[in-house]
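J.: Once you've looked at the hints, dock chain B against the given chain A.
Each chain, letter by letter, is given below.
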Amino acid sequence: MGLISKIKESKTRIVSEEEKMTLLFLFALGLMLTSLLFNSPAEIYKGVGIILTSKSNLITDYMALANPGAAFFNAGFISMMSLLLIKRSGAHISGATLAAFFTMTGFAFFGKNLFNSIPITLGTYIYSRLVKARFNTVILSAFYGTGLSPFVSELAFAMGFEPIQGIIVAYISGILIGMVFPLLSSRFLSFHQGYNLYNGGFTAGIIGMFSLGIVRMFGYDISSVDIISTEYNINILIVLIVIFTALLLIGLYQQSWSLREYDKLLKETGRLVTDFTSLYGFGLTLINMAFMGFLATAYVLVTGGSLNGPILGGIFTIVGFSAFGKHPKNTIPIFIGVYLALLLNIYDPNSTSSTLGALFGTTLAPIAGRYGVIPGIITGFMHAGMVTNITYLHGGVNLYNNGFSGGFIAASLAPIFERIEEVINEKKRKV
Amino acid sequence: MRRREKYKARKMIDELTGYLLRNNIQSLSIYLDFDEDRIRISLWGQLTEKIPDLDDVIRLMNSKRVPEMEEYYEHLLGTGTDGDDMNLLGAMVDEASYNLREDRLEIKVIRYL
Chain A
1 MGLISKIKES KTRIVSEEEK MTLLFLFALG LMLTSLLFNS PAEIYKGVGI ILTSKSNLIT
61 DYMALANPGA AFFNAGFISM MSLLLIKRSG AHISGATLAA FFTMTGFAFF GKNLFNSIPI
121 TLGTYIYSRL VKARFNTVIL SAFYGTGLSP FVSELAFAMG FEPIQGIIVA YISGILIGMV
181 FPLLSSRFLS FHQGYNLYNG GFTAGIIGMF SLGIVRMFGY DISSVDIIST EYNINILIVL
241 IVIFTALLLI GLYQQSWSLR EYDKLLKETG RLVTDFTSLY GFGLTLINMA FMGFLATAYV
301 LVTGGSLNGP ILGGIFTIVG FSAFGKHPKN TIPIFIGVYL ALLLNIYDPN STSSTLGALF
361 GTTLAPIAGR YGVIPGIITG FMHAGMVTNI TYLHGGVNLY NNGFSGGFIA ASLAPIFERI
421 EEVINEKKRK V
Chain B
1001 MRRREKYKAR KMIDELTGYL LRNNIQSLSI YLDFDEDRIR ISLWGQLTEK IPDLDDVIRL
1061 MNSKRVPEME EYYEHLLGTG TDGDDMNLLG AMVDEASYNL REDRLEIKVI RYL
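Chains as they are written, first to last, in our numbering: chain A, 1 to 431; chain B, 1001 to 1113.
It is worth saying that the hints were derived from the structure and are not from the lab. Every clue listed holds true.
Which stretches of chain B does chain A cover? Using the computed rule of at least three CB atoms under 8 Å from a CB of chain A, they are:
no.: 1; region: 1066-1079
no.: 2; region: 1087-1099
Mimicking EDC-like on lysine to aspartate or glutamate, the simulated pairs with C-alpha atoms at most 16 Å apart in a straight line are:
no.: 3; chain 1: B; residue 1: K1008; chain 2: B; residue 2: D1033
no.: 4; chain 1: B; residue 1: K1108; chain 2: B; residue 2: D1094
no.: 5; chain 1: A; residue 1: K329; chain 2: A; residue 2: D263
no.: 6; chain 1: B; residue 1: K1064; chain 2: A; residue 2: E17
no.: 7; chain 1: B; residue 1: K1108; chain 2: B; residue 2: D1055
no.: 8; chain 1: B; residue 1: K1050; chain 2: B; residue 2: D1103
no.: 9; chain 1: B; residue 1: K1050; chain 2: B; residue 2: E1106
no.: 10; chain 1: B; residue 1: K1008; chain 2: B; residue 2: E1036
no.: 11; chain 1: B; residue 1: K1050; chain 2: B; residue 2: E1102
no.: 12; chain 1: B; residue 1: K1108; chain 2: B; residue 2: D1033
no.: 13; chain 1: A; residue 1: K267; chain 2: B; residue 2: D1053
no.: 14; chain 1: A; residue 1: K264; chain 2: B; residue 2: D1053
no.: 15; chain 1: B; residue 1: K1006; chain 2: B; residue 2: D1033
no.: 16; chain 1: A; residue 1: K264; chain 2: B; residue 2: D1056
no.: 17; chain 1: A; residue 1: K132; chain 2: B; residue 2: E1005
We put the CB at the ideal spot given by N, CA and C, even for glycine.
Chain A extracted, bound-state conformation:
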């Protein structure tokens, strides 16, 4: 495949870091202001208090737990804090940081908040100081590590400790998680060879599994929950349409109102590391993010799912990773595979957890991108089985459950597909 067609020439505007930061700032601010369309400031204030002191493990929809205004405010605030960290650390707005940024945004609708994210991020910062590295070199770990933030909330509020004692135990644990996350996350890449885009999810799953083992060993337990809203479909849909339309228009403007090179982008496998911003420029990347946002939303609506906090998390994560590997061609086979499994298996295909399996199942898009449509469908099908079977291991304290599952699926299937491809190619050569 013509893997590299780096083009930032004539018709594509060069976008400065400041312009990119401004766009993300407006996005975060927009989410915070959107909260006022749903609830009054007093309700939002009260709701944020509920969110900050909740257990937050999978699946806690902040819209159902508190109210939609508080959920949007929390997502906007976490996005703003993430942007501040990116800016202060000196990191670039690359495909990798966009993916991490939108993952932070998405999961702030159902699990991440300032209280439970701080210690993990602080732990990663301490790690960077200990190894004398600049914080921008570990900022992705600082973001992805917060996938374990429910563990912090669980220790603080649900283990029966005195309040101060609980917070101290929770924060020490969170800091330790943040310190080991950078070490493990880069090592675990070798396991799935970059075919699982949510590598942070696989790492968080392993750490969560160990953490739960220790907690359970002392007679405590943490189990997943099901707090989900279903009544805000229309309002959320309007918000999403506005966001994705804005992304599309800005992208088209940057791209001089053309889809030039999009056909080449669609040929990328999407395997880590495929940074669309460096390969195709910021404009085309925004266009792909908008297309993928519309596609993910359409999947939810067509399959009868509800738009709520967790689903928003899934959609925004897809949008973020559409700067870093995902595009319609490598994503649709995964959707088909997961949906086929949902039609045949015992689970309700319209439930939020089933829809999440499809949305986050696109962590395996590189397999479809690399080996084709049929392997992609098989991968999606297998993922649907795996992801429903592993939540117990971490009790829902790892928000990136699909990334955890995806690591095992990618590590198992990619070598098989590779060998099959080699055999087929060998036979073709002989013919």
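T.: Chain B only, in chain A's frame:
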């Protein structure tokens, strides 16, 4: 940190070697110079066929360094079978150039420390 840089140099060589082997290079020599302030890598050998995306790859390696990407994803370097990791290599090196005389290709890469 110096040990980490040696590891990165090894991974960079892995990636470049893989790239040239995928493009059917016949013979291959490698030169590594580990200076105080930079790592210089040269690879040269005999080509058996033209490398279609060589200009693009070199241009990609001359794009700006992306520290946040290299620390998180560096272990992937040299593990791919289809060349996608050249994008990651581009995030780790500062300068790259090549010299092609008939069928003898030399690629030079510099990473400042």
